Amino acid sequence: MIHSEVGVSVAIPLFNEEESAPVLHEQLKEALESLGETYEIIFVDDGSSDSTYETISEIAKKDSTVRAVKFRRNYGQTPAMAAGIDLSAGRIIVTMDGDLQNDPKDIPNFIEKIAEGYDIVVGWRHNRQDKLITRKIPSRMANWLIGKVTGVPIRDNGCSLKAYRASLIKSVPLYSEMHRFIPAMASITGAKVAEIKVTHHARRFGVSKYGLSRIYKVLLDLLVIKTLVAFSSRPLTWFAILAAPALVAGISAIWFSLYQVIVLGNPFSAVIAGTGLMFSALGGFMIFAGVFAELVYKTGDMRIESLFSLTATTVGEYSSPGARR
Amino acid sequence: MTSSNLVSVVIPVSERVEDLPSLVHRYREALEGDGKQVEIICVLDGSFKALSAELQDIQKERGNLKIVQLARHFGEATALRAGFDLAKGDIVMTLPAYEQVTADSLPVLLSALPDKPMAIGVRSPRQDGWLNKLQARVFNGLVSAFTGEKFRDLGCGVRAIRRDVLEHIQLYGDLHRFLPILASRAGFGVVEMELQQSSQDHRRRLYSVGIYVRRMLDLLTVLFLVKFTKKPLRFFGLLGTGFSAFGGLVLSYLIVERLLGLTTLSERPAFLLGAIMLVLGIQLFAIGLLGELIIFTHAKEIKEYSIEEITN
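Here the protein sequences line up with chains D and C, keeping their order.
In terms of the working numbering, the first sequence is residues 1 to 325.
In terms of the working numbering, the second sequence is residues 1 to 312.
These are calculated hints, taken from the structure and not from any lab test.
Note that this is a predicted model, so its numbers are computed, not measured.
No residue lacks a Cβ here, since even glycine has one placed at the ideal position from N, Cα and C.
There could be a bad hint or two in this list.
To be verified - The calculated lysine-lysine pairs, modelled on DSS-like cross-linking and capped at a C-alpha distance of 27 Å, are:
#, chain 1, residue 1, chain 2, residue 2
1, D, K70, D, K170
2, D, K170, D, K192
3, C, K66, D, K70
4, C, K303, D, K226
5, D, K70, C, K227
6, C, K116, D, K70
7, D, K170, C, K116
8, D, K217, C, K227
9, D, K217, C, K300
10, D, K29, D, K197
11, D, K298, C, K116
12, D, K148, D, K136
13, D, K105, D, K148
14, C, K300, D, K70
15, C, K49, D, K217
16, C, K300, D, K170
17, D, K298, C, K230
18, D, K105, D, K131
19, D, K70, C, K36
20, D, K70, C, K49
21, D, K136, D, K105
22, D, K170, C, K227
23, C, K116, D, K148
24, D, K298, C, K303
Stated by the list, open to error - To give an idea of the interface, some chain C residues facing chain D are shown, with a C-beta separation under 7 Å as derived from the structure:
#, residue
25, G187
26, V191
27, M193
28, E194
29, K230
30, Q283
31, Y305
32, I307
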């Protein structure tokens with residue numbers, strides 16, 4: 001199949017969803033046909049152990065708008081999404097879960113928002129159908145924290161149903177478990193982000209694949225995101241900020257111990273002075289780590305400063321001097 | 001150009017080479033006896049003048065033997081790579097330069113392909129002394145604990161690999177030992193086949209301390225490669241959290257004691273210990289962040305997945 005001009009691509013990671021896939025396909029067809037745009041559906045089987053791939057490749061053989069992709073093994077949700085996005089040909093890319101908890105009926109609303117000029121539209125599962133203690137409360141805390149740290153206040157980062165302008169999402173690095181942070185990552189480019197309410201269904205088939213244990217990982221990821229989003233093009237600044245408390249603590253401890261000896265005439269305390277030296281050294285280490293980070297950024301090929309072109313627009317009307325009478 | 005009935009045999013040559021010329025014959029006989037076309041690629045990893053001459057005689061006599069001379073000793077992984085680059089067969093075998101398993105048992109290994117992407121030999125039954133068995137046990141056990149990949153005999157250099165697998169694997173340093181793990185992580189099934197251990201295999205056994213240290217470092221490398229390549233902060237962060245939590249606890253305990261007036265800090269060297277641990281923990285975090293920055297700035301080269309098939 002050759003896509004000359006595809007309007008909307010829908011990328012869907014599937015992991016052991018042999019029962020959901022056909023239902024999802026039906027629902028998607030219905031929702032996408034109503035768009036009046038060309039579209040494609042990309043199912044990515046993330047190394048399922050059941051017959052998910054057989055199911056979706058059967059669908060793909062009958063329906064030319066569907067592509068079925070099979071991973072060699074289970075890689076996780078972010079790589080599956082990345083593959084879907086990499087293979088997408090559409091101008092707009094929609095991502096969603098394959099477990100029927102997202103409703104394809106919401107997709108037209110997303111497309112509409114993109115048409116209004118937003119670069120990213122994220123879903124907000126306002127009536128979330130999950131367990132309160134293990135899912136909803138941790139997720140609410142996480143979202144609040146993510147919003148605070150990244151400066152992109154989104155109520156529901158975990159919702160997979162999102163729509164992107166293709167040129168933008170294709171240039172945002174997507175690896176590890178970063179899909180949760182795409183809006184924050186994309187904010188590097190100055191993307192305009194909208195949030196709309198989506199319906200959320202309780203799980204129909206299979207079991208939930210996440211648990212409470214992710215909190216620590218999310219915390220670490222947040223530190224990473226902060227580093228990358230705010231400071232990846234000037235890491236020395238960030239490391240200097242991190243070094244400041246250590247330097248303050250270290251230098252004051254050294255002064256304190258000198259003060260004890262010189263002014264008060266107390267015996268010299270190796271413990272206090274040593275601790276002070278230790279923290280001062282940490283401060284020094286952090287600053288040089290920052291210098292090293294500058295080197296890393298310089299030799300890498302992720303050029304933050306060239307990302308502006310993805311979102312920059314010209315404003316007003318320009319007439320060249322030569323054309324003027 | 002690749003050929004479907006052709007088996008390329010890559011032999012990295014660096015030590016215990018006395019028997020190689022006759023071994024080349026035996027390998028060839030065994031595989032040709034199994035109805036395969038065979039090309040043998042000997043990669044001389046270092047200077048082996050006499051051996052090279054002997055091999056060239058075989059080359060003249062029988063053909064189908066390539067001899068690659070590396071300009072210095074590069075190590076087994078590089079030697080294998082040099083061999084893989086020249087291999088033309090759809091199936092590539094790696095075989096040691098001394099007889100680890102009897103040549104007769106090689107067809108057993110090949111019978112697993114091409115249905116399976118990779119088959120590796122397991123020397124069975126093992127006839128080594130108890131000390132060597134124990135060493136091997138401990139090493140293989142540690143590897144499977146660290147990586148979650150269970151292999152019984154990683155020290156066995158007898159492997160048969162479908163060609164397409166090699167394109168997905170990066171070999172360097174001492175990683176050749178972990179080839180099955182790398183292949184399995186890249187999404188290819190690896191089967192173990194029990195092969196008859198050769199009587200030539202058990203000779204020297206106790207290694208120098210340096211070797212053991214290197215094995216341990218290899219383990220750390222493979223752990224990092226398998227679990228944390230794309231998320232260095234998870235690795236360093238875990239260590240960093242441990243150290244700084246310990247340091248923090250010591251510090252806060254002493255500070256509380258001081259505030260209660262039970263002690264003065266200047267008399268408590270433990271305070272220094274706490275400070276050192278905390279500092280080390282934070283440094284590990286900083287290194288993890290640097291790692292993340294490196295990954296991020298190279299994100300364009302990272303493709304985390306490997307696609308087996310696309311319909312439509």
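| Unsatisfied constraints (hint numbers, rising) | Violated hints (numbers, rising): 3, 7, 11, 13, 15, 19, 20, 23, 26, 27 and 28; every other hint is consistent with the structure.
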